[in-house]
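Please put together the full structure from these sequences, using the hints given.
In case you want the letters, here they are:
Protein chains: 2
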Amino acid sequence: MAELGADNIAQGMRYATAGGKRLRGFLALESAALFDVPQARALYAAGAVECLHAYSLVHDDLPAMDDDDLRRGQPTVHKKWDEATAVLVGDALQSFAFELLGREGAGTAEERVALVASLAKASGAQGMVLGQAQDIAAETAGRALTLEEITELQANKTGRLIEWPALSGAILGGADPEPLRRYAEAIGLAFQIADDVLDVEGDAATAGKALRKDAEAGKATFVSLLGLAEAKARAAALVQEATAALRPYGDRAQTLCDLAHYIVARDK
Amino acid sequence: MAELGADNIAQGMRYATAGGKRLRGFLALESAALFDVPQARALYAAGAVECLHAYSLVHDDLPAMDDDDLRRGQPTVHKKWDEATAVLVGDALQSFAFELLGREGAGTAEERVALVASLAKASGAQGMVLGQAQDIAAETAGRALTLEEITELQANKTGRLIEWPALSGAILGGADPEPLRRYAEAIGLAFQIADDVLDVEGDAATAGKALRKDAEAGKATFVSLLGLAEAKARAAALVQEATAALRPYGDRAQTLCDLAHYIVARDK
Chain G
3 MAELGADNIA QGMRYATAGG KRLRGFLALE SAALFDVPQA RALYAAGAVE
53 CLHAYSLVHD DLPAMDDDDL RRGQPTVHKK WDEATAVLVG DALQSFAFEL
103 LGREGAGTAE ERVALVASLA KASGAQGMVL GQAQDIAAET AGRALTLEEI
153 TELQANKTGR LIEWPALSGA ILGGADPEPL RRYAEAIGLA FQIADDVLDV
203 EGDAATAGKA LRKDAEAGKA TFVSLLGLAE AKARAAALVQ EATAALRPYG
253 DRAQTLCDLA HYIVARDK
Chain W
3 MAELGADNIA QGMRYATAGG KRLRGFLALE SAALFDVPQA RALYAAGAVE
53 CLHAYSLVHD DLPAMDDDDL RRGQPTVHKK WDEATAVLVG DALQSFAFEL
103 LGREGAGTAE ERVALVASLA KASGAQGMVL GQAQDIAAET AGRALTLEEI
153 TELQANKTGR LIEWPALSGA ILGGADPEPL RRYAEAIGLA FQIADDVLDV
203 EGDAATAGKA LRKDAEAGKA TFVSLLGLAE AKARAAALVQ EATAALRPYG
253 DRAQTLCDLA HYIVARDK
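In order, the protein sequence lines correspond to chains G and W. Here this note's numbering is used: the first residue of the first sequence is 3, the next is one more, and so on. Here this note's numbering is used: the first residue of the second sequence is 3, the next is one more, and so on.
Read the hints as simulated data drawn from the structure, not as lab findings. Watch out, some of these pointers could steer you wrong.
[Said to hold, decoys possible] Listed next, the in silico DSSO-like pairs over lysine-lysine satisfying Cα-Cα at most 30 Å (straight line):
| # | chain 1 | residue 1 | chain 2 | residue 2 |
| --- | --- | --- | --- | --- |
| 1 | W | Lys234 | W | Lys82 |
| 2 | W | Lys221 | G | Lys81 |
| 3 | W | Lys23 | G | Lys81 |
| 4 | W | Lys82 | G | Lys221 |
| 5 | W | Lys123 | G | Lys123 |
| 6 | W | Lys221 | W | Lys270 |
| 7 | G | Lys81 | G | Lys270 |
| 8 | W | Lys123 | G | Lys82 |
| 9 | W | Lys81 | G | Lys81 |
Have a look at this one:
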């Protein structure tokens with residue numbers, strides 16, 4: 003029934019996963035490289051987390067959510083197609099993330115099921131979705147959030163899906179995940195602070211999305227709570243924390259160190 | 003941050019999974035019972051498919067999709083809360099389905115990963131979501147669907163998520179899934195024909211949802227294509243097919259036989 007337009011879903015899935023920084027997929031590959039996990043195996047986790055992330059953006063951009071017209075410099079899925087397609091494309095991308103982790107190449111059965119269980123938890127009602135709900139609730143709370151509340155909200159909304167790929171290599175390598183957990187926590191928070199700085203200082207054309215939305219909406223951000231200078235100082239301190247956490251891996255973690263620096267220096 | 007209303011998600015998840023026929027969960031338990039799989043283990047698959055099904059209803063009821071106000075005799079999630087909550091509740095229910103299958107009690111690692119992979123496939127862009135997209139595309143196609151097209155659409159939209167629990171017991175029991183696949187295919191189609199009959203003959207208060215929507219929308223259904231009498235005759239023939247497929251299991255499959263009969267006799 004392709005003539006009935008049902009292949010919109012496959013097209014929308016490809017469209018929604020094209021472009022972007024691929025930060026989460028990159029983390030999965032670099033995490034795996036630390037433990038000599040073959041890249042061909044880690045690509046399943048990398049693909050899964052990129053699909054999961056893309057689904058969250060497609061749904062977050064919906065009119066009922068953040069109502070964004072532009073994503074990665076292109077019309078959002080509900081603008082290019084329609085809302086129903088965007089709902090279904092997001093749904094299908096979530097299914098596909100778990101389908102990828104279920105495939106034989108993704109690891110042993112034990113490893114695959116550990117990846118599935120941890121990704122489901124990181125993305126669900128106690129992870130990313132909770133963060134999105136907290137974000138929406140904050141908009142209608144009638145008061146600005148405290149620094150503690152924003153930190154918790156962002157740890158859920160953004161942090162959990164940065165932590166998962168960072169730890170995925172340790173799962174596949176049978177290694178202690180603790181250093182990577184500390185690394186991921188630091189870069190996750192630094193990432194969000196940098197996003198808030200970018201929202202104030204950035205260029206919309208370079209960023210590929212609308213900026214200054216938070217300030218216009220009177221939304222509390224790390225910049226509004228800390229001021230620009232202090233926010234930047236915190237982000238820089240978090241980068242130091244992140245690189246310190248990687249010390250056990252020595253030179254092998256150089257790319258992950260570089261990534262921590264990139265996260266606060268990026269312009270998109 | 004419960005005071006910020008973020009616990010709507012957990013409440014919405016409970017709300018959306020309350021009530022209903024629990025047909026799919028029941029199928030998972032009965033399928034497992036055929037192969038002496040402990041019920042405690044099969045409950046994970048049963049819970050997972052009910053969460054998956056509930057998520058599909060919450061998203062399908064959204065204004066951009068089927069735009070329904072009533073489900074199981076109660077306001078739909080977006081009516082009771084709002085659209086953003088409904089999007090997120092559906093998303094979280096999908097995550098939770100896979101989280102359940104990832105838990106230790108759900109089976110060996112091999113069994114769990116087989117359940118995850120097959121559920122992801124049955125629910126995603128080549129399964130249920132495809133069926134929903136075909137259903138939406140059919141509404142704007144400018145022509146009525148053929149019998150072949152409706153059969154394919156319904157096999158995707160409804161059939162795949164009836165087949166999955168019916169086969170889940172065979173996965174957990176290490177048994178040949180073929181007889182159950184034939185059973186599930188027959189009851190899946192019978193279920194949808196019965197739904198179309200119910201839409202014409204049923205009582206909205208008993209059914210707990212709006213009826214006559216398809217006829218009012220001029221939508222092709224099994225009843226509009228076959229006529230009421232022939233639609234009923236087909237459903238009855240499918241019930242015979244379904245029970246015949248269960249013969250290898252003898253008396254152990256009595257409840258599944260009864261279920262096939264119930265599917266076409268139900269009033270909601």
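**Prompt:** Quick check: which numbered hints come out false for this structure?
**Reply:** 1, 3
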